[in-house]
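So the sequence lines, in the order shown, correspond to chains A and B.
Just so it is clear: in the first sequence, position 421 is 746 by the working numbering, and no numbers are missing.
Just so it is clear: in the second sequence, position 132 is 265 by the working numbering, and no numbers are missing.
No lab work stands behind these hints, which were simulated from the structure alone.
We put the beta carbon where it would ideally sit given N, CA and C, even for glycine.
Some hints here could point you the wrong way.
As the list claims (entries may be wrong) - Some residues of chain A that are not near chain B, with every Cβ distance over 12 angstroms (derived):
1) Pro-514
2) Gln-592
3) Ala-641
To be verified - With the Cβ distance kept under 7 angstroms, some of the chain A side facing chain B (calculated, not the full set):
4) Ser-384
5) Ala-385
6) Asp-400
7) Ile-550
8) Asn-557
9) Val-580
10) Lys-614
11) Ala-615
12) Ala-619
13) Pro-745
Here's the letter readout for the chains.
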Amino acid sequence: MRRNRTRFLPVAAGAAAVMILAACSSGGGSSSASGSSPSPTNTKPLIIGASLSFTGDFSADGQAFKRGYLLWASDVNKAGGVDGRKVQFKFLDDKSDPTQGSTNVQQLITSDHVDMLFGPFSSLITGPTATVAARYNFAMIEGAGGAPAVFDTPSNKARHNVFDVSYPIVDQFDPLTTWIKSLPAGQRPTTAAYPIVNNPFTIPPEQLAQKQLQAAGVKTVYSKILPMELPNATSVADQVAASNAQAVFLGSVDVPTVAAFMKAFQQQHYNPKIFAATAGPDQGAAFLKAVGKANATGVMTANGWYGGYDNPQSKAMVQEYIAKYGGTASDINSDVAEGYGVGQVAAQAIKATGGTDQTKIIRYLHSGVTLQSVQGPVQFNSLGMNTKPVLFVFQWQNGNYAQVLPTGAPGSGQIIFPKPNWAG
Amino acid sequence: MGRELYRAIVDGILYGGVYALMAVGLTLIFGVLDIINIAQGILVVLAAYLSYVLSVHLHIDLFVGLLVTVPVMFLVGVAIQVLFMQRLRGRERTSMSLLASYAVMIIIEGVLYLAFGADYVQLNASYVNNSVYLLGFYLPYIYLYGFGLAVLLVIGLYLLLYRTGFGRSLRALMQDQTAARLVGININRVSALAFGIGVAVTAVGGMVFGATNAFNANSGYDLISRLLAIVILGGMGSIGGALVAAVFMSVTEAIVDIWSPTWSVVVFYAALVVVLTFRPQGLFGQREARAQ
Numbered sequence: 326m327r328r329n330r331t332r333f334l335p336v337a338a339g340a341a342a343v344m345i346l347a348a349c350s351s352g353g354g355s356s357s358a359s360g361s362s363p364s365p366t367n368t369k370p371l372i373i374g375a376s377l378s379f380t381g382d383f384s385a386d387g388q389a390f391k392r393g394y395l396l397w398a399s400d401v402n403k404a405g406g407v408d409g410r411k412v413q414f415k416f417l418d419d420k421s422d423p424t425q426g427s428t429n430v431q432q433l434i435t436s437d438h439v440d441m442l443f444g445p446f447s448s449l450i451t452g453p454t455a456t457v458a459a460r461y462n463f464a465m466i467e468g469a470g471g472a473p474a475v476f477d478t479p480s481n482k483a484r485h486n487v488f489d490v491s492y493p494i495v496d497q498f499d500p501l502t503t504w505i506k507s508l509p510a511g512q513r514p515t516t517a518a519y520p521i522v523n524n525p526f527t528i529p530p531e532q533l534a535q536k537q538l539q540a541a542g543v544k545t546v547y548s549k550i551l552p553m554e555l556p557n558a559t560s561v562a563d564q565v566a567a568s569n570a571q572a573v574f575l576g577s578v579d580v581p582t583v584a585a586f587m588k589a590f591q592q593q594h595y596n597p598k599i600f601a602a603t604a605g606p607d608q609g610a611a612f613l614k615a616v617g618k619a620n621a622t623g624v625m626t627a628n629g630w631y632g633g634y635d636n637p638q639s640k641a642m643v644q645e646y647i648a649k650y651g652g653t654a655s656d657i658n659s660d661v662a663e664g665y666g667v668g669q670v671a672a673q674a675i676k677a678t679g680g681t682d683q684t685k686i687i688r689y690l691h692s693g694v695t696l697q698s699v700q701g702p703v704q705f706n707s708l709g710m711n712t713k714p715v716l717f718v719f720q721w722q723n724g725n726y727a728q729v730l731p732t733g734a735p736g737s738g739q740i741i742f743p744k745p746n747w748a749g
Numbered sequence: 134m135g136r137e138l139y140r141a142i143v144d145g146i147l148y149g150g151v152y153a154l155m156a157v158g159l160t161l162i163f164g165v166l167d168i169i170n171i172a173q174g175i176l177v178v179l180a181a182y183l184s185y186v187l188s189v190h191l192h193i194d195l196f197v198g199l200l201v202t203v204p205v206m207f208l209v210g211v212a213i214q215v216l217f218m219q220r221l222r223g224r225e226r227t228s229m230s231l232l233a234s235y236a237v238m239i240i241i242e243g244v245l246y247l248a249f250g251a252d253y254v255q256l257n258a259s260y261v262n263n264s265v266y267l268l269g270f271y272l273p274y275i276y277l278y279g280f281g282l283a284v285l286l287v288i289g290l291y292l293l294l295y296r297t298g299f300g301r302s303l304r305a306l307m308q309d310q311t312a313a314r315l316v317g318i319n320i321n322r323v324s325a326l327a328f329g330i331g332v333a334v335t336a337v338g339g340m341v342f343g344a345t346n347a348f349n350a351n352s353g354y355d356l357i358s359r360l361l362a363i364v365i366l367g368g369m370g371s372i373g374g375a376l377v378a379a380v381f382m383s384v385t386e387a388i389v390d391i392w393s394p395t396w397s398v399v400v401f402y403a404a405l406v407v408v409l410t411f412r413p414q415g416l417f418g419q420r421e422a423r424a425q
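Looking at chain A on its own, in the form it has when it is part of the complex (with noise of 0.2 angstroms):
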């Protein structure tokens, strides 16, 4: 086989040189994907680019999916890469803003020529860096736009290129709603506070839990949008304390953010029933660090995936990810996973189409296939959402990162409820 291959190689180089000939005297059109055109006797690496957040707002969460790209680059190449291409990464820092994510894929594609592009971290920067790559046709892989206002853009609905691996965000709150609603009346928190961060990560979930419960008698005692970048969260927490609500649901993007909540709750002396926030608590040992050990426990988020996740590729990926980089399954962000599913993703459709033609490659991943990854089944619908994402709530119980919810799924344990006090 590998003989016949080498064959055809000067067949398939002159096929090639004529296509990018033709592709040339078109006037480079749009549709022409800058991807390798498929041929098995391609050995070159496989080059895939991607914009991170390293500096800014989102580089520990940048930095952590920088991990799951390059663990699962690591694992296929060592079984010999990606259809027989060792794959090679390059990262360009989008310093947590959108529009130099926009300017980095740009790059990426026209300067860097890379063969493939996986997505930023962020919905914020997804959106924009998607309208990008889909000027160009580029498929946009990705694990951390769940947002509405990633999927709904024009670029999207006429090019159909973004996917994203991981769950819709808006229905992130769901099980924990649902556990709230099936309380007794006499334990249900009566009261809930919705500070919510200025993002498209967050306002939908948080908007759809205090529709969702307020519809089940649950008054709401603050509700306000922050701004992006927020000059002095204590404030803001202060007011969420005064209001003395039973539930609190924080629309967070990052660490900080949560962290200046507890803080200031906790010289508040003020703890809810129920304290979960959009992000941040999914961090593993980088929340930990930020917040204490003991004052995590009880703080809940949801997400679709956790170190304890029972699935073989992500038990693998875990103990390679400890082998690696030492500390536990608790202290794994859920970044990590969300980037080594999209390599997975990648791979899978590179393979069924042969190569990294990214017309190929959309038609693809829009078939409804049902792919495997780290995080679970991966189908996506017209728009690139995944239809059968998995879907917990995990709450941090004395260091360990617990899945709780949904209620009598496999691997859900007992919720702490109410939240204990904060350890002081």
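We have chain A already, so just place chain B on it with the hints.
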């Protein structure tokens, strides 16, 4: 509503103290040296990391640790002045200082990333998480201490500038470098000491910042624009002005937060523009400072 307003004013005054601690060094350096130190934000973070190392690895109390971090930051300041700023001459000195301090910022940020990674950390002590019930509110000890330190620092720097021989040299330098040199003042030495003192006081701001916020090597970016706004509003070079402006900023934001946190920053910057329209030199600045 009255109680909320009262609470916002008290909160704003206390948070203002933290910002003043971070901003006085910046205004001192500008006042004496005409240097706009863009690296001030990352120097705050550097000081916070120094406190973190002493606290977590050597179990030294945050305030006791200042006995180490203040001298270390002083040496860092002297080094920055000697290695980067002293070479800047001529009419473009102030604008070139922006570039030089930006380079310093990038270098320090890179070193901090290498040393500590991207994960956020926070300083902890019993007084960081606890509060005292006063005037009908829980007031966090760390903010009370921070505000007290800010007032003490402003008084200390005032005494240094106006009641010592070294202060006379500094003020001579502020007024006219050439004349100062002619009367025998060693410009390079006084400049290095001034920069060192400016950065040394940042050690205190860094400690309180680290105790009130989770931070990583990147956190300096969010700080610098706010610190510059405080210094401009207070009057570039005015130490007392920095304290007043920091309190004004924090109180304004805390009050607006009651209605709409989204507008709090906008309202502060709008107020800044209004003040500068009528007083281009800031609340307490001198016209000459703006003319530079």
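Right, here's what the structure says about each hint:
1. Pro-514: The claim holds: Pro-514/A sits with its nearest Cβ about 22 angstroms from chain B, beyond 12 angstroms.
2. Gln-592: violated (4 angstroms)
3. Ala-641: Label holds. Min Cβ-Cβ 25 angstroms, cutoff 12 angstroms.
4. Ser-384: This hint holds: Ser-384/A lies near chain B, its Cβ roughly 5 angstroms from the closest one there, short of 7 angstroms.
5. Ala-385: holds (5 angstroms)
6. Asp-400: This hint is violated: Asp-400/A lies away from chain B, its Cβ roughly 23 angstroms from the closest one there, beyond 7 angstroms.
7. Ile-550: Hint on Ile-550/A: holds, closest Cβ of chain B at ~6 angstroms, below 7 angstroms.
8. Asn-557: holds (6 angstroms)
9. Val-580: Holds. Min distance 5 angstroms.
10. Lys-614: Hint on Lys-614/A: holds, closest Cβ of chain B at ~5 angstroms, below 7 angstroms.
11. Ala-615: Hint holds; Ala-615/A Cβ to chain B Cβ min 4 angstroms, cut 7 angstroms.
12. Ala-619: Result: violated, 11 angstroms to nearest chain B Cβ.
13. Pro-745: violated (15 angstroms)
Checked against the numbered hints given earlier, the structure breaks hints 2, 6, 12, 13 and satisfies all the rest.
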